[in-house]
Amino acid sequence: MNSGNFELSGAPDPKGRYGNPYGAEARDKDSDRREPLDEQAERAANYRRNRDESLQLCNDFHAFYGSHAAYHAEL
Amino acid sequence: MPPTTPNFNRYYIYELRPEVPLPFQYVLSLTSSELDYRYRTNNLTFAPIIPAGPYADRDPYRVPLVPASAGGGVRLNRRMYVAVDALQTVNKAVFLPSHLGRITAGEERELVEKLGHWLGMSRQEVGEHRKDASADK
Chain A
1383 MNSGNFELSG APDPKGRYGN PYGAEARDKD SDRREPLDEQ AERAANYRRN RDESLQLCND
1443 FHAFYGSHAA YHAEL
Chain B
1166 MPPTTPNFNR YYIYELRPEV PLPFQYVLSL TSSELDYRYR TNNLTFAPII PAGPYADRDP
1226 YRVPLVPASA GGGVRLNRRM YVAVDALQTV NKAVFLPSHL GRITAGEERE LVEKLGHWLG
1286 MSRQEVGEHR KDASADK
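Protein chains in written order, with my numbering: chain A, 1383 to 1457; chain B, 1166 to 1302.
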């Protein structure tokens, strides 16, 4: 996965904390301290999957919330 | 039989009523309604708890919760994850009035740190914001 895609969409962790390999600090590390590329790619895929999952959770919640008034009227 | 409570407390796990059609069953409360009688707090802000998987272990916005059966503090039947970046607020009536335990101190620390980071309210980020603001003057 191309890390440039993350920069276009806004790096969520600019300091490279929490093990995010896309932060500025992570990019500045010496190459011998970097993760192998396949691990970076896997973590990038996992990161994207988790964000998509959260977005879906929010979407599902708001779909529920649309019918929420009716739900509360029954309580 | 789980303990019952008329209140909802911060860092405790609650379960949605079975008839609530949401893709998650458990939530972590970030609101305390202990003072509900006085302040008439009716809404609960929460983060969903989801099964996720090993891919969520090193995520900046997922907090793993260890079940009580494995030495943790919450009565979940498996390892699950708090989705810090999916916060919501809803009327507390959608929750069953019993909790499934409180997260451990370590989990709380991780939650506070990740939540602060996601909201841009961690100490370091607030400090940087102040530094930027003073530089603008």
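If you are wondering where the hints come from, they were derived from the structure by calculation, not from laboratory data. Warning: the hint list may mix true and false statements.
Covered by chain A, according to a simulated footprint, are these stretches of chain B (three or more residues, beta-carbon under 8 Å) [what the hints assert, rightly or not]:
| # | stretch |
| --- | --- |
| 1 | 1184-1198 |
| 2 | 1208-1222 |
| 3 | 1244-1253 |
Note that CB positions come from ideal geometry on N, CA and C, so glycine has one too.
Results of checking the hints against the structure:
1. Here the stretch 1184-1198 of chain B counts 5 residues with a CB under 8 Å from a CB of chain A, which clears the bar of 3, and the coverage holds.
2. Counting residues of the stretch 1208-1222 of chain B whose beta-carbon sits less than 8 Å from any beta-carbon of chain A gives 5, enough to reach three: the coverage restraint holds.
3. Check on the stretch 1244-1253 of chain B: 4 of its residues sit with their Cβ under 8 Å from a Cβ of chain A, so the three-residue criterion for coverage holds.
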